[in-house]
Structures are given as C-alpha cells and as structure tokens.
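Asker: Here the protein sequences come in this chain order: D and X. Quick note: the first sequence, position 83, residue 92 per this note's numbering, numbers continuous. Quick note: the second sequence, position 35, residue 44 per this note's numbering, numbers continuous.
If you are wondering where the hints come from, they were derived from the structure by calculation, not from laboratory data. Watch out, some of these pointers could steer you wrong.
One copy or two, either will do: identical chains are not told apart, so a pair holds if it fits within one copy or between any two.
[Said to hold, decoys possible] Pairs of lysine to aspartate or glutamate, DMTMM-like flavour, derived with a Cα cap of 20 Å:
#1 300 / 266
#2 164 / 310
#3 219 / 333
#4 300 / 268
#5 83 / 291
#6 112 / 333
#7 83 / 44
#8 267 / 20
#9 112 / 217
#10 219 / 310
#11 267 / 293
#12 306 / 263
#13 154 / 271
#14 164 / 303
#15 304 / 266
#16 304 / 263
2 protein chains.
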Amino acid sequence: MMSNISLSLDEIFILAKNVFFKNGCDEETSNIMADLVMKAERDGSLSHGLFRVPAYVSGLKSGKINGKGNPDIKIISASVVKANGNNCLAPVVLNKSIPELIKLAKENGVAILSITNSHHMAAMWPETEIIAEQGLVAIACTSYKPAVAPAGSIKPLFGTNPISFAWPRKNKPSVVFDMATASMAMGEVQVAKREGHKVPLGTGLTKEGKDTTDPAEIADGGVLLPFGGYKGSGIAMMVELLAGALVGDNFSYETAEKDNNDGGPPSGGEFILAISPDKLSDTDWDTHSSKFFDKMKSMGDVRLPGERRHKNRLDKGPRHINEDLVNKIKSLS
Amino acid sequence: MMSNISLSLDEIFILAKNVFFKNGCDEETSNIMADLVMKAERDGSLSHGLFRVPAYVSGLKSGKINGKGNPDIKIISASVVKANGNNCLAPVVLNKSIPELIKLAKENGVAILSITNSHHMAAMWPETEIIAEQGLVAIACTSYKPAVAPAGSIKPLFGTNPISFAWPRKNKPSVVFDMATASMAMGEVQVAKREGHKVPLGTGLTKEGKDTTDPAEIADGGVLLPFGGYKGSGIAMMVELLAGALVGDNFSYETAEKDNNDGGPPSGGEFILAISPDKLSDTDWDTHSSKFFDKMKSMGDVRLPGERRHKNRLDKGPRHINEDLVNKIKSLS
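For reference, chain D alone in the conformation it holds in the complex (with noise of 0.2 Å):
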C-alpha cells in the first residue's frame, strides 16, 4: 500500500540538500539542486522533483557527474555566451551562466547562451521562466538519448526532446509551455497500459511498426512517435540539431553511446535564446500581448501554458510525498 508524508516546502528542501550533500556536491551544488527539485514539488511538476534524487545519485556515484566543478563561461561575442559545463549538473551552469544571456540579450535585444557537457534531467521551465520574468522572451530546447522514431521510421532516433518556451508579463505570471516533442512519455504510456487505457492513434508503434491504440504494444518493444505525425517530428529534428551540432554537443543517438547507463543523466548540450521585446517592438507590447492572452481565454476551455504550475504555487502549505520514495531518498544521505 502506497502512503504518502507531509512534508514542508522547507523539509523538502532540506531532505534534497542533504543527499546532494552527502553523495559528493559542495554547498553551491546542493543549495541549487535542493532548491530546484522544491520548486518543482511545489509547482506540482512531481516527475522533475523528488522522484528525480535517486538519478543524480546515481550519476553522482559513478563519477561520471562532478558535483564540486565549476563551469567555464565566456562572452564571445556582443550575442552569444557560451558555457562549458565540465561535467557540472546543468542547474548549475544555468545559475552561472543565465545572468550574463539576460544582460546580452538586454543591451543587444538578442542573445544565445550555448551549454555543452552538462548533466540535464531536469524541466527546462525553470530556465525559460527565470529570464521571461526579466522581461524577456526565452526559447530552450535540450535533446536525451533515442526514444522517437522520427516520421516514417519504426526505430527511435530522437531523444523526447522537449521545448520550451517564455513570454514575459509584468506584474502577472510568465506565460509558459515546456514540453517534450514526443507525443506522450513513455511513463504516461506504462500508466495507460496498467489501467487498460487506450492511447490516440499517432502515439507510438508496436515492435512491427504498426500503428496502434494499445499502450502495450507500444510499452513492450514497441516505440514512441513524435507528436503530431510528421510535423512533430521536423519540430524534434530541429531540437537535435540546435542542442546538439549547433551549440556543439551531441545527438541523442551519440549521447546514447557516450553513457555509462548508471542510470543518472548523461552528458549534453543545451539551446537558449533570449530576446527583449523592449528593443525590437516600437509598441506597448505588454498591452498588446495582455488583450491576446485575454482573447484566448475567452474562447472557453482555453489555458494559458504554466497557469496550473503557478496556481500550485501559491499555496505555501506542506506536500503529500510518496513515503516509499522519502524513504530511499533518506537511505541514500
């Protein structure tokens, strides 16, 4: 039987730090990573909070993450910063390295920031929301190891390579999405298959390669499609190609090859674009982007990206965790 504890948003913060602590991270390393996996138990984003600990331990354990490095960053150009990760978890390159694409992308109206050799497992709406509340516009995209097969294939190519995207408001929450380009996460496909759920059409394959609505044939050696057939699948193209040749760091299918499989995230790349619509609007664009978002949400049962993220957290009170789960974490300090 599965119980849940109640923990406090500090408690939480505090079970995080510890075990980072004490698997081998400085005190930098553990108050990002800490406060990171809190900000996504508090946002409800529970797949990217504690659930992820065990995994950094992991990559942790077998050295293959360093969790006292430091990142290399360096401004080569009015636009671009690029950071070198040494192997650092990228919590901590972004900590490092976010603040100088913000002041890039102020004076000059757009900038990139390129992140090669660090360790990404968690969501990328953390670094897009960061510099949207800015007054920024942020793109980011990172790619994993093969899990899509890319449209017209039966085998995976593409990581689940998500994408995810920020538009600034002031005085009102950033408006953002953070998804993966493929149509569903395996996990969600392993739930439909245990409680005998059908998945749309355009989900996955079986091991033949036939369409299918039966998440097992896809859950047991079948494989993930990207979503939206074969547009989906130039979207997740494109998010290889940006987080792996342009900024210079692997291909989902070479990081595959690279790992040692400890089960902890392995290395990579990362993309982020920032640009300022202070300098390349010559109106309010505030206002402007307000009525829009007013319009959209007049038009029925329309969300805006990242409001049931930012409704869970206003509520400063404890969360419910998996016991089982604290528990391992706890054996892992």
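Following the hints, position chain X against chain D.
Answerer: Chain X alone, transformed into the frame defined by chain D:
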C-alpha cells in the same frame, strides 16, 4: 475539363512579371515577385506559385499594397534589424533586409530581423533557405487571419501560422521545413470532402465543436485544429506572439479586423532569426550534422525536409500550368 499549358521557367517569370508591372508595381518589385512565383512553380510549391497571382493583383488594385514603396530598414543594435515594410510586399522587404540580417548574424553569432507593415502570402522557405545558403541556421514565422481554434476552444483564433526552419549544409542543399501549425490547410480538407475521403481525428471540429473525421463537417462551418493537439496549439500561440507583439505588429485576430478583405494578403509582421554555427560550435558542425542526417535517412522511409523540393528544382524543363489560371493571369495584365 481541366487542361494544362506547358511553360518554360522563363515564360513563367515573364507571365508573372508582366502582371505585377501592369498592376502598379515598379520594375524592382515586379522582378522580385516574378522570381518568387517562378521559383515556387519550379520547386513544385504550386499553392504559392501562379495560383497566388490573382490575390496579389486584388491587393494591388485596392491600393492596400504599395507596389512602388520602399521599406525602411534600420539596424538598431549589434544583432537586431528592424524593417518597416511601408505596405510593400514581403518579398521586397526581405530582399532588402535579409543581407543586413546575414551580416549581423555572421559577425555576432545571432541576429533577428523584425518586420512590420508588410504583406506576406508566399511560402517562407525562400527566406530561410537563402539565409541557410550563407552558412546560417534560420527560423522564421508569421501569422495571418484566424482559421485555427486553440486547444480547448471551438472557434478560430490562430492563423495557419507557418514556421520555417533551415539548417545549412556545405556543398549540399539545406535541410528546410516550412509548415503550417494548422493540422491541415482548409483547401486540403475541401479536397478530401470532394473526393469522399475521411480526415484524421484531430484535423478539425464540427460547427458544434465535436471531434470528427468527416471533412464536410469541418469545411461547412466547423473549424481547423492545430497540428498535434495542445502541444501544437502551444507552438501556434508562440508564432502569434513572435510575429505579433514581439515585432510590434498584429495578432491574427487584429489582422482580420483591419483588413479590407480585397482577397489580397493583409498587412502583418514576420519574425526571422539567424544563427551562425561557426560562432556557436567549437566542433565541425557540418560533418557532425551530416552524420546525423545519414543516420536519419538510414532508418527506413525517412525523408529529410525539403528533399522533394530540391529534387524538383533539378528539372530545368517546362512546367505544366493549368490553362484557365494562365488565361486568368493574362486577363489581369
């Protein structure tokens, strides 16, 4: 009965140039537009070739489009070019501003071209491809008039909102996609209706807002959906914001409110991003991405975006054009 006329690429150019010139365009605008139309026919992009000419003429005749105008190009920072189209056709604005965009992107690693007050009714691959031919990655998007319901709504808000991406290759054609973020063009739904085919679930809704696979129910008072459900809806929203409030021009719903409905392309904005892989990557990005494309192509019936268009381009011979269309265009000259 539908019959075709055989026209050489030069004859297509002359046919188009003549009609633009006779309808108030100056020599330069006529040449730019005729070249665009010829290249669309050459590449098999028929819905953006001669087929569009009567609509352009409508916009010129009503005075909405200025065929003699001069766009106003300003370099406002190390990485931002702003082009006020002054009611010129987008290809004319692009012709004058893209060289500036390319220059800034090569110098600084990334640049944006922000276009306002311009009339766009062409494909977008011409602009992303020309940027990629200079060794740069390009992303472009524009909105139009409402045709697509946001996820959760049963009424149109988004335009078909195309997004184009181009990846440069040395000594090979660029890899380029140019796709509507609508599930399908309404024209294609009408073809399915005429031919009695079903359309995939998710293509659109009936006028009551119900899911349907019957194209007639979508075409007759129903509405198109974004490709790929709520994820595609997020991408379509992003296009509205980038080509709207970010550059300082209309959202699709504002475009519809302001247009004179002469049938020609309405006034609006376009967003174009150019990135230099030479500046961003410390590796040999061309060899690296070539291996990725080879891998993709080896995985079954996988086509690289743009391949079919580049194959069509190799054929320098005449094209077979609908006779009624040719006669109609001649009558407008």
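Asker: Against this structure, judge whether each hint is valid.
Answerer: So, going through the hints one by one against the coordinates:
no.: 1; hint: 300 / 266; in the structure: between (48 Å within a copy, 14 Å between copies)
no.: 2; hint: 164 / 310; in the structure: between (36 Å within a copy, 11 Å between copies)
no.: 3; hint: 219 / 333; in the structure: neither (38 Å within a copy, 43 Å between copies)
no.: 4; hint: 300 / 268; in the structure: between (47 Å within a copy, 19 Å between copies)
no.: 5; hint: 83 / 291; in the structure: between (31 Å within a copy, 13 Å between copies)
no.: 6; hint: 112 / 333; in the structure: neither (43 Å within a copy, 57 Å between copies)
no.: 7; hint: 83 / 44; in the structure: neither (25 Å within a copy, 43 Å between copies)
no.: 8; hint: 267 / 20; in the structure: neither (36 Å within a copy, 55 Å between copies)
no.: 9; hint: 112 / 217; in the structure: neither (51 Å within a copy, 49 Å between copies)
no.: 10; hint: 219 / 310; in the structure: between (34 Å within a copy, 14 Å between copies)
no.: 11; hint: 267 / 293; in the structure: between (48 Å within a copy, 19 Å between copies)
no.: 12; hint: 306 / 263; in the structure: between (42 Å within a copy, 16 Å between copies)
no.: 13; hint: 154 / 271; in the structure: within (13 Å within a copy, 51 Å between copies)
no.: 14; hint: 164 / 303; in the structure: between (42 Å within a copy, 15 Å between copies)
no.: 15; hint: 304 / 266; in the structure: between (47 Å within a copy, 14 Å between copies)
no.: 16; hint: 304 / 263; in the structure: between (44 Å within a copy, 11 Å between copies)
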